[in-house]
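Asker: From first to last, the protein sequence lines are chains X and A. My numbering puts the first sequence at residues 1 to 113. My numbering puts the second sequence at residues 1001 to 1416.
Source of the hints: derived by calculation from the structure; they are not laboratory data. Source: prediction; values computed, not measured. The reader is advised that the hints may include incorrect statements.
[What the hints assert, rightly or not] Cut-off 30 Å, straight-line C-alpha distance, at most; resulting in silico cross-link-like pairs (DSBU-like, lysine-lysine):
1. 1363(A) <-> 2(X)
2. 1081(A) <-> 82(X)
3. 96(X) <-> 1038(A)
4. 72(X) <-> 1057(A)
5. 1057(A) <-> 1384(A)
6. 82(X) <-> 1384(A)
7. 1363(A) <-> 82(X)
8. 1057(A) <-> 70(X)
9. 72(X) <-> 2(X)
10. 2(X) <-> 1366(A)
11. 96(X) <-> 1381(A)
12. 96(X) <-> 1179(A)
13. 2(X) <-> 1081(A)
14. 70(X) <-> 1035(A)
15. 1081(A) <-> 1035(A)
16. 1384(A) <-> 2(X)
17. 1381(A) <-> 1057(A)
[To be verified] Per the computed footprint, the stretches of chain A lying under chain X, defined by three or more beta-carbons under 8 Å from a beta-carbon of chain X, are:
18. 1043-1049
19. 1063-1076
All C-beta atoms in this analysis are idealised placements derived from N, C-alpha and C, irrespective of residue type, glycine included.
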Amino acid sequence: MKDLTCIVCPRGCRLHVDDDMNVTGNFCPRGAQYAISELTNPVRTITTSIRVTNRPYTLVSVKTTNPIPKQKIFDVMKEIDKIAVEAPVRIGQIVKTNILGLDSDIVITKNID
Amino acid sequence: MRQIDLVVIGSGAAGMAAAIEAKKNGVNDLLILEKDEKLGGILNQCIHNGFGLTEFKEELTGPEYLQRFVDEVKRLEIPYKLNAQVIDLTKDKVITYSSKEDGLVKLQAKAIIMATGCYERNAGAIMLPGDRCSGIITAGTAQRYLNINGLMVGKRVVILGSGDIGLIMARRLTLEGAKVLCVSEIMPYSAGLNRNIQQCLIDYDIPLYLSRTVSKVIGKDRLEKVILSAVDENLQIIPNTEMEFECDTLILSVGLIPYVSLLNYIDCPISSTKGAVVNQYMETMIPGIFTAGNCLHVHDVVDFVSQEARLAGRSAALYLRNEIDNNEKKIAIKPGQNISYVLPQFVLENSVDDITFKFRVRKPLKDQVVMIRSGETVLGKVVKPALIPSEMVMVNLSKDKLQEVKDEIVISVEDR
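Isolated chain X, as found in the complex (with noise of 0.2 Å):
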């Protein structure tokens, strides 16, 4: 039995979660698949900067296109650390593919023209 407050939306649902991994307490499907992977792997997105290189001053944001573990969040922020684009840049842009294997892309989160 486990109580976990849901991070998918701003609603922030009280989860309950049984020995049979019943989950109660979600307004929406999204809760219960996201308190059965807190309790078995789980997941977060990232989201950071990285530096512009021709522009002063400039930083861009980014993120992890899909969640990675939990425990490689501070190994995912020293390897997007190495990363720096040059403007322009586009939402969405790939700046880093397959981030250390865990089957997550670095995108682009701000156009910088």
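Following the hints, complete the assembly by docking chain A onto the known chain X.
Answerer: Showing chain A alone in chain X's frame:
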């Protein structure tokens, strides 16, 4: 002086949504004024995700969310001015803005939508006790430094206040290599959303101390130490409960206040939310001046800002077609039991649409029912299993019900 139908002040989540909706409702002579160098307002620095679940049914980061609106503004060819700071407003709706490109410009508007957002309470506002050293900074400013300018504000950090920006910054600074020692909240419950407690604090083993606040900051040039003390139920510091934290940075996430200084110039009535008093059209007490978003009341979810702003945008279009009659009977809306504020504060009797009331509860509550009453008459009730102050609540009332109302409507939250 140039005459113009509609001016939207601010191009954040509220301003762009309002302008788009006004244009879609036939307002062609309009202009957005933005003081910053790009459209989007504060969303530009909110690089975390969680935006757009209501609006777009997908999870977006702040910049991705704002880009959808920028694209729409451009597609609809809505004119906008960047680096244009509005410096004056008159009751007759003359707007003065200043920009490098245009100099000082006056515009005579028929309608105005205020979408100026909010500002952060700072060290002075909470009378932070102790030394006036460097290293004390508001959460939003730290967010801008880190996410836009790439500057770390410190290495060992204490966060005061558990508002969402503070929680988001706890995670953000941790990811970038800082040690966040704790978050301290003066109230016995968090001011932030539950999901942010989980994904920003618990995920990174950052302790959250409730009923605890900063009793002293110590530092000669740079901050050296923060002392936290427990508080009693009256929020008074309890002696001999000190906890000491050696740190170089204190981040303040202690509340946001609607930015309404332009409305103060014209004596526009302001409510307890510190935003304007409005009717169901998001129209202030000055006919033709509308407002939406965080300059009306501080929201927890940006999707609801956009929603509210669309209402203001459409209302401005109605006003310009003389379809809002400000001389109609006004019904006062009052917050009842357990409610800190309710919007709108009044409604005009013959409403074009059903009314959505928005409110916040004063404290966390379970198994409640929201009652909408006029005198003894119950106009509506909605069951709510759990309510917390950090989540805005919305309940609807059919416009037909307004005919049953005498003078005022009271919204209250009661035990089931």
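Asker: Are the hints correct? Go through all of them and say.
Answerer: Status of each hint after checking the structure:
Distance restraint check for residue 1363(A) and residue 2(X): the Cα-Cα separation of roughly 26 Å lies within the 30 Å cut-off, and the hinted pair is therefore satisfied. For the suggested pair residue 1081(A) and residue 82(X), the alpha carbons sit about 37 Å apart, so the restraint of at most 30 Å is broken. Of the pairs offered as hints, the one joining residue 96(X) and residue 1038(A) holds, with about 27 Å between alpha carbons and a cut-off of 30 Å not exceeded. With a C-alpha separation of about 28 Å, the suggested pair residue 72(X) and residue 1057(A) falls inside the 30 Å cut-off, and the hint holds.
At most 30 Å may separate the alpha-carbon atoms for a hinted pair to count; residue 1057(A) and residue 1384(A) meet this at roughly 24 Å. Among the hinted pairs, residue 82(X) with residue 1384(A) is inconsistent with the structure: their alpha-carbon atoms are about 48 Å apart, more than 30 Å. For a cut-off of 30 Å, the pair hint linking residue 1363(A) to residue 82(X) is broken: about 46 Å separates their Cα positions. Note on residue 1057(A) and residue 70(X): the hinted pairing holds, with a Cα-Cα distance of about 24 Å set against a maximum of 30 Å.
At most 30 Å may separate the alpha-carbon atoms for a hinted pair to count; residue 72(X) and residue 2(X) meet this at roughly 23 Å. Our distance criterion of 30 Å between C-alpha atoms is met by residue 2(X) and residue 1366(A), whose separation comes to about 20 Å. Between the alpha carbons of residue 96(X) and residue 1381(A) the distance comes to roughly 52 Å, so the proposed pair goes past 30 Å and is violated. Between residue 96(X) and residue 1179(A) the alpha-carbon distance is near 28 Å, which keeps this suggested pair within the 30 Å criterion.
Straight-line distance between C-alpha atoms of residue 2(X) and residue 1081(A) comes to about 53 Å, which puts the hinted pair past the 30 Å bound. Distance check on the hinted pair: residue 70(X) and residue 1035(A) sit about 39 Å apart at the alpha-carbon level, beyond 30 Å; violated. At most 30 Å may separate the alpha-carbon atoms for a hinted pair to count; residue 1081(A) and residue 1035(A) meet this at roughly 8 Å. The hinted pair formed by residue 1384(A) and residue 2(X) meets the criterion: a straight-line CA distance of about 23 Å does not exceed 30 Å.
About 28 Å separates the Cα atoms of residue 1381(A) and residue 1057(A), which keeps this hinted pair within 30 Å; it holds. Chain X is given as covering the region 1043-1049 of chain A, and this holds because 4 residues of the stretch bring a CB closer than 8 Å to a CB of that chain, at least three being needed. Counting residues of the region 1063-1076 of chain A whose CB falls under 8 Å from any CB of chain X gives 3; the rule of at least 3 is met.
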